[in-house]
Amino acid sequence: MSERKALYGAPPPETGRKTWDEEAIVQQARERAAQQKEAREMRFQRAPTPPDAQEIEMRRQRLNLDQDLNKVTLVPAGASAVGKRGRGAGYYCEACDLTFKDSLQWVDHLNSKQHLRATGQTETQERATLEDVRARLAWLRQKRDDANQGQMYDIKKRIAERQTIEEEERRLRREKRMQKKREKKALGRGSTGSEEDEIDDDRRAMEEMMGIWGFGSTKAK
0 MSERKALYGA PPPETGRKTW DEEAIVQQAR ERAAQQKEAR EMRFQRAPTP
50 PDAQEIEMRR QRLNLDQDLN KVTLVPAGAS AVGKRGRGAG YYCEACDLTF
100 KDSLQWVDHL NSKQHLRATG QTETQERATL EDVRARLAWL RQKRDDANQG
150 QMYDIKKRIA ERQTIEEEER RLRREKRMQK KREKKALGRG STGSEEDEID
200 DDRRAMEEMM GIWGFGSTKA K
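Per numbering that gives the first Met the number 0, the very first residue in the sequence shown carries number 0; after that it's consecutive.
Wrong hints could be hidden among the right ones.
Below, a list of computed lysine-lysine pairs in the BS3-like style, where the Cα atoms sit at most 25 Å apart [as the list claims (entries may be wrong)]: (1) K100 x K70; (2) K180 x K156; (3) K83 x K112; (4) K156 x K142; (5) K156 x K175; (6) K70 x K83; (7) K142 x K155.
Derived by calculation from the structure, the hints in this document are not laboratory data.
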């Protein structure tokens with residue numbers, strides 16, 4: 000008859016009850032606790048920064064949030080379910096494979112640590128030097144001067160156009176008065192009245208050219 004052995008190779012007691020190796024059980028519990036702790040830390044631990052990561056850079060152009068406005072997009076079935084993972088209806092990020100329902104969430108995501116890591120960027124940025132600041136100020140100054148020059152050109156152009164319109168209006172009024180004078184002459188008015196009308200017409204034309212209004216005529220009614 001073979002000799003009976005209890006757990007972990009220990010011989011059974013004479014009473015026939017099993018005995019346990021307490022040291023082995025404690026060691027297994029410690030190993031299991033260490034594994035669970037390591038797993039928890041790995042879940043919340045940030046992934047190491049890749050060696051080829053670049054520093055965060057300033058955005059060179061404005062975000063076009065209206066590019067998909069009034070457009071029809073085909074999305075997989077169930078894409079509108081709870082959760083942001085995968086392509087769905089809204090703003091989709093290919094780097095992170097996430098979909099956002101509104102522009103506020105989309106902009107916040109683009110500035111988040113998750114998106115920066117997915118696009119190979121770090122959270123640090125290059126410190127601007129004195130030369131960089133001077134170059135930036137010079138660029139802003141040149142931009143302001145160009146805008147002012149364009150505005151001055153628009154003002155001069157509008158003034159010239161207004162002067163042309165006023166000259167054309169004065170010419171039309173003079174022609175209209177000359178036409179009336181010719182019609183009066185054709186009706187046989189006296190020479191004195193015609194001379195006075197001509198003087199009044201010349202005076203009104205001169206007043207309009209000088210910008211004087213409201214004096215009226217000196218001709219007796």
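#### Entry: Those earlier numbered hints the structure runs against, lowest number first
2 and 5
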